[in-house]
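What follows is the residue order along each chain.
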Amino acid sequence: MAQIVVLGAGVSGHTAALHLKRLIGGKHTVTVVSPNSQWNWIPSNIWVGVGEMEKKDVIFPLAPVYKRKGIDFRQAKGVAIRPYGDADSPQGAVDIEYTDPAKAGATERLRYDYLINATGPKLRFEATPGLGPDGHTVSVCTADHAVEAAHKLDGVIAKLKAGTPQTLVIGTGHGTCTCEGAAFEYVFNVDHELRQAGVRDLARVVYLTNEAALGDFGVDGMVFDQQGFQTTSELWTGSLFRERGVEAILGTHVFQIDEGVIHYESLDGSKNTLNFDFAMLIPPFGGHPFTAYDRQGAEITADLFAPSGFMKVDADYTAKPYEEWKAEDWPSTYLVPGFDNIFAVGIAFAPPHQISKPRKTPNGTVIAPSPPRTGMPSGVMGKAAALTIAARLKHGAATPAHTASMAKMGAACVASAGTGLTKGSAAAMTMLPVVPDYSRFPTGRDSRETQGELGLHGHWVKLMLHYLFIYKAKALPGWQLIPE
Amino acid sequence: MSETPLASVDLSRSPMPTTKTLNYRKNLFLQFFRFVAFDLRIMRMVLKGHR
Numbered sequence: 001m002a003q004i005v006v007l008g009a010g011v012s013g014h015t016a017a018l019h020l021k022r023l024i025g026g027k028h029t030v031t032v033v034s035p036n037s038q039w040n041w042i043p044s045n046i047w048v049g050v051g052e053m054e055k056k057d058v059i060f061p062l063a064p065v066y067k068r069k070g071i072d073f074r075q076a077k078g079v080a081i082r083p084y085g086d087a088d089s090p091q092g093a094v095d096i097e098y099t100d101p102a103k104a105g106a107t108e109r110l111r112y113d114y115l116i117n118a119t120g121p122k123l124r125f126e127a128t129p130g131l132g133p134d135g136h137t138v139s140v141c142t143a144d145h146a147v148e149a150a151h152k153l154d155g156v157i158a159k160l161k162a163g164t165p166q167t168l169v170i171g172t173g174h175g176t177c178t179c180e181g182a183a184f185e186y187v188f189n190v191d192h193e194l195r196q197a198g199v200r201d202l203a204r205v206v207y208l209t210n211e212a213a214l215g216d217f218g219v220d221g222m223v224f225d226q227q228g229f230q231t232t233s234e235l236w237t238g239s240l241f242r243e244r245g246v247e248a249i250l251g252t253h254v255f256q257i258d259e260g261v262i263h264y265e266s267l268d269g270s271k272n273t274l275n276f277d278f279a280m281l282i283p284p285f286g287g288h289p290f291t292a293y294d295r296q297g298a299e300i301t302a303d304l305f306a307p308s309g310f311m312k313v314d315a316d317y318t319a320k321p322y323e324e325w326k327a328e329d330w331p332s333t334y335l336v337p338g339f340d341n342i343f344a345v346g347i348a349f350a351p352p353h354q355i356s357k358p359r360k361t362p363n364g365t366v367i368a369p370s371p372p373r374t375g376m377p378s379g380v381m382g383k384a385a386a387l388t389i390a391a392r393l394k395h396g397a398a399t400p401a402h403t404a405s406m407a408k409m410g411a412a413c414v415a416s417a418g419t420g421l422t423k424g425s426a427a428a429m430t431m432l433p434v435v436p437d438y439s440r441f442p443t444g445r446d447s448r449e450t451q452g453e454l455g456l457h458g459h460w461v462k463l464m465l466h467y468l469f470i471y472k473a474k475a476l477p478g479w480q481l482i483p484e
Numbered sequence: 001m002s003e004t005p006l007a008s009v010d011l012s013r014s015p016m017p018t019t020k021t022l023n024y025r026k027n028l029f030l031q032f033f034r035f036v037a038f039d040l041r042i043m044r045m046v047l048k049g050h051r
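Chains as they are written, first to last, in this note's numbering: chain A, 1 to 484; chain B, 1 to 51.
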């Protein structure tokens, strides 16, 4: 009987665990290790952050689902990986530290035959002094953060109703952030809420981002075919900003936040300040902090992990200029080099480079949106790792790995621009592939599948995805029929 | 340091949607068909790109 350990229970890890149990769970053990007791449908945190949903609507407890499916669940965080085993055994192992209140702080060493690292992001608020809920800004990265954001937004709306003008700043809190789409969604949901409250006229709403162009979204923007013309996501999103009266400041690296003041550097090297009454700024992400050891106990962390903390996989990490980046640089099997039994999927894998063009200010400050690898691609990677493990356990370790390159798969991105079954709207986009491949497509992507449209139907799609993916994550009957 | 943002994007040349477009985006009947079309597009992309 093989032991399969999945580190992380987000979209990628949870998907991998459920598929593994479905495929080979009768004969083998699947163990999930997650420091969180709840599963969170993060895309809907946006709606919690404006008070349109409650925390309970976007989370559910993991333990009952895993108990029902026969998956071993440890509420703990991984702290060390021992891919060569230890003095007692050559079998690979991970050291975990319990976060379960009943065993808090206790440690255990779990042996594995296959390991999937799907630990998701470490929210690096500390990268910018004053950033985050412990500083002067709010976040929607977790359900609890979003609850706090909604509470503070209520306070701002109350002041606006009392006739006091307010400045609301939403965007990225560092030059290397990813998830610009979440900031984009939040800014338009806030705008929508202010309009619903009848106080939009007194509010200045600013989108402050590390993107060099509107509509970049960390994927170098998109080119759409629309009504016989090629148009860009830049033009398309610019139209929405103009229509809603949202200011945009592009190409920024926020380097400090004081009470009511954001300090940022622009691409031209100038250093500026922006006063605010309410700010939601996304933090930069890092990899989960693991230490890796060889069998003798010598540290080998740098062999397995990039300096950012993300795990190295089958990508081409050769440093090369933007002009020489290729779709083939991106990983396809998510196997860690040198190991045919360790995978890193979702945000946990180290991307070979950005997708958007990285830039530097004249002062040498890097302003480079990091590549998004959440949502649909995360789930597909998790499933691919599960399929590879299942195939190898059934047919032998030499069975070829399943592949799921971001340079071949597509993604749907539905960016809410306001809620309401009859008054909501969203920017609904699809792109194929996620990583542009200029050797296959003149615009980098399949123009038939890369499209964007705005409207009420986008809100319905996002709401449908909310219910569908929570249903799927709860592993209710037929869950596996819902695509990742 | 300057007190206010220096580099707000000039959106004056971004296209403003017409009243007809805004109404189209809110029309329940027409948006239902866009909803169905977008769902079909996602499924086509899933079948094409997730193999």
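These aren't lab readings, by the way, just hints derived from the structure by calculation. Glycine included, every Cβ here is placed at the ideal spot set by N, Cα and C. Don't take every hint at face value.
Here chain B is said to cover these stretches of chain A; the calculated rule only asks that three of the stretch's residues, wherever they fall, bring their Cβ under 8 Å from a Cβ of chain B [what the hints assert, rightly or not]:
no., segment
1, 233–242
2, 420–429
The calculated lysine-lysine pairs, modelled on DSBU-like cross-linking and capped at a C-alpha distance of 30 Å, are [stated by the list, open to error]:
no., chain 1, residue 1, chain 2, residue 2
3, B, 26, A, 312
4, A, 27, A, 77
5, A, 394, B, 26
6, B, 26, A, 55
7, B, 26, A, 423
8, B, 48, A, 474
9, B, 20, A, 357
10, B, 20, A, 312
11, B, 48, A, 161
Here is how each hint holds up against the structure:
Only residues whose C-beta sits within less than 8 Å of a C-beta in chain B count toward coverage, and the segment 233–242 of chain A has 5 of them, enough to reach three; the restraint holds. Requiring three or more residues with a Cβ within less than 8 Å of a Cβ of chain B, the coverage given for the segment 420–429 of chain A holds, as 4 such residues are present. A C-alpha spacing of about 46 Å is found between residue 26 of chain B and residue 312 of chain A, which places the hinted pair above 30 Å, so the restraint is violated. Between residue 27 of chain A and residue 77 of chain A the alpha-carbon distance is near 26 Å, which keeps this suggested pair within the 30 Å criterion.
With a CA separation close to 52 Å, the supplied pair residue 394 of chain A and residue 26 of chain B exceeds the 30 Å bound. About 28 Å separates the Cα atoms of residue 26 of chain B and residue 55 of chain A, which keeps this hinted pair within 30 Å; it holds. Our distance criterion of 30 Å between C-alpha atoms is met by residue 26 of chain B and residue 423 of chain A, whose separation comes to about 7 Å. Of the supplied pair hints, the one linking residue 48 of chain B and residue 474 of chain A holds, its CA atoms being roughly 27 Å apart against a limit of 30 Å.
In summary, the hint linking residue 20 of chain B to residue 357 of chain A is not supported, as the alpha carbons are separated by about 37 Å, beyond the 30 Å threshold. In summary, the hint linking residue 20 of chain B to residue 312 of chain A is not supported, as the alpha carbons are separated by about 51 Å, beyond the 30 Å threshold. At most 30 Å may separate the alpha-carbon atoms for a hinted pair to count; residue 48 of chain B and residue 161 of chain A exceed this at roughly 50 Å.
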